[in-house]
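Participant: Chains A and B supply the protein sequences, listed in that same order. Position one of the first sequence corresponds to residue 1 (this note's numbering), numbered consecutively onward. Position one of the second sequence corresponds to residue 1 (this note's numbering), numbered consecutively onward.
Quick caveat, the hints were computed from the structure, so don't treat them as lab data. A few of these clues could be false.
Unchecked claim - Footprint (simulated), chain A over chain B, 3 or more residues, beta carbon under 8 Å:
#, stretch
1, 44-57
2, 63-76
3, 79-90
4, 95-102
Ideal placement from N, C-alpha and C gives every residue a C-beta, glycine not left out.
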Amino acid sequence: MPITASKTSDRVFLAGLTVIGALYLFLILAMLLADASFTTPWRMWEALGSPEIRYSIKLSLISCSITALISIWFAVPIGYIMSRFEFPGKPVIDAILDIPIVLPPLVVGLSLLILFQTRVGKWIEDYIAVTYEIPSVILAQFSVACAFSVRTMRGTFEHISPRGEQVAMTLGCSRAQAFWRIALPEARRGMLTAATLAWARSLGEFGPILVFSGATRFKTEVLPTTVFLELSVGRLESAVAVSLLMVIAAAIVLMIVRIFGAPKTI
Amino acid sequence: MIAIKDLSVRAGAFRLDGIGFEIPTGKHGILMGKTGSGKTTILEALCGLREPIAGRISFMNKDVTHLPPALRGVGYVPQDRALFQTMSVFENIGFALELRGVPQAKIDSRVHELAGWLGIENLLHRSTRGLSGGEGQRIALARALAAKPDVLVFDEPLSALDEDTRAEICDLLARVREHSNATILHVTHSKSEASRLADIAFLLADGKVERM
Numbered sequence: 001m002p003i004t005a006s007k008t009s010d011r012v013f014l015a016g017l018t019v020i021g022a023l024y025l026f027l028i029l030a031m032l033l034a035d036a037s038f039t040t041p042w043r044m045w046e047a048l049g050s051p052e053i054r055y056s057i058k059l060s061l062i063s064c065s066i067t068a069l070i071s072i073w074f075a076v077p078i079g080y081i082m083s084r085f086e087f088p089g090k091p092v093i094d095a096i097l098d099i100p101i102v103l104p105p106l107v108v109g110l111s112l113l114i115l116f117q118t119r120v121g122k123w124i125e126d127y128i129a130v131t132y133e134i135p136s137v138i139l140a141q142f143s144v145a146c147a148f149s150v151r152t153m154r155g156t157f158e159h160i161s162p163r164g165e166q167v168a169m170t171l172g173c174s175r176a177q178a179f180w181r182i183a184l185p186e187a188r189r190g191m192l193t194a195a196t197l198a199w200a201r202s203l204g205e206f207g208p209i210l211v212f213s214g215a216t217r218f219k220t221e222v223l224p225t226t227v228f229l230e231l232s233v234g235r236l237e238s239a240v241a242v243s244l245l246m247v248i249a250a251a252i253v254l255m256i257v258r259i260f261g262a263p264k265t266i
Numbered sequence: 001m002i003a004i005k006d007l008s009v010r011a012g013a014f015r016l017d018g019i020g021f022e023i024p025t026g027k028h029g030i031l032m033g034k035t036g037s038g039k040t041t042i043l044e045a046l047c048g049l050r051e052p053i054a055g056r057i058s059f060m061n062k063d064v065t066h067l068p069p070a071l072r073g074v075g076y077v078p079q080d081r082a083l084f085q086t087m088s089v090f091e092n093i094g095f096a097l098e099l100r101g102v103p104q105a106k107i108d109s110r111v112h113e114l115a116g117w118l119g120i121e122n123l124l125h126r127s128t129r130g131l132s133g134g135e136g137q138r139i140a141l142a143r144a145l146a147a148k149p150d151v152l153v154f155d156e157p158l159s160a161l162d163e164d165t166r167a168e169i170c171d172l173l174a175r176v177r178e179h180s181n182a183t184i185l186h187v188t189h190s191k192s193e194a195s196r197l198a199d200i201a202f203l204l205a206d207g208k209v210e211r212m
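Between the sequences and the hints, there should be enough to build the whole structure, so can you do that?
Facilitator: Next comes the structure, spelled out in structure tokens:
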């Protein structure tokens, strides 16, 4: 078979790749530009001044930060175990850990709602009100965001050779000391990435919160709920203003991850 | 003395059985074998990083088969050096002493003594990133020697070095043998390394260790 390589065929190939890539890039930028051109900074500021929206901003910031912290506390040990140890049933546990990522968001919310209707759930509710209250917002965000953090932390630990911990153990460390003194400091960039991703993921969480927490103003309203409520009453301008706020937050998160985050973990 | 008797050890699907050899106290023992023959698996069992299925490992006539790595008194220099990335060179070398609660003045003195001896004084306050292969190897060696272990274990310490550095580090390992009382197990597949350093040499082939 004759060799068909030529500079022209290379150019056609590269042009094809570029056109496909550029189309998707155009779609993303066009969406953002459409949002930005729909309103002015002044009108956006005005919309953000309403007490309801201020409450949802405050609740979003606080709940996302708490969710990110809790996610890290769970993701670090789970990621470490999954990356360092082999044990029976590991593939099954691996699949279970990914369930929140692939489950439809509304189903996550419904499952949480049903969970808190069981005997265990009701027992918890006897001590702390969860369903349709602020804790339900955090729990709904955590259920999904933690799965992303676990994936990130697992990738982080898989990129750190266990050899350093092994040397530390021969030098006098227990396994726990080797983890705290060697593995964890080396995983700090991954931890930042995992926390930031959990924060960003929580900020956009809507389905589980709508089902499990409701959409009550001055109570369980977070930013995606605001977009939904404002749209449902026809205040498109306010919905766009809040959406732009979330776009800005997402851009900041992306920058943090790109600058400080662990390479190759996401 | 390092004594291994009837050792069975597994690494995934790979398994070694009936492994046995002895290295007299203060001697430099070389274990040779092809890549994938199981040298590192034996070495990990010796360090306590891999639990044996059967057999006995003893250091200076003390059974260490089931002791955790921390209590074995082994100075381990792995093939990739595995320097602690978030610590300075000084902290790497002083790490074993710090774990033992040695006063800071004594840590300083020991670290400087080793650094002077190994020619790395100028690196002490640097990070471990961006070091040359030879520098990394010297630091890994200093870190392993700091707590004056009875047993030193080298896993192909010269394999990732260029020819000039290899000769330098080879000389250094010979000096380690002269200056420390430690018994050394040195894993390699290089015949020249073995002939230069070995007091006693073994070959691991087809799952069996034979004296060379």
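Participant: Decide, hint by hint, whether the structure agrees.
Facilitator: Hint check results:
no., hint, in the structure
1, 44-57, "holds (count 4)"
2, 63-76, "holds (count 7)"
3, 79-90, "holds (count 6)"
4, 95-102, "holds (count 4)"
Of the numbered hints stated above, none is contradicted by the structure.
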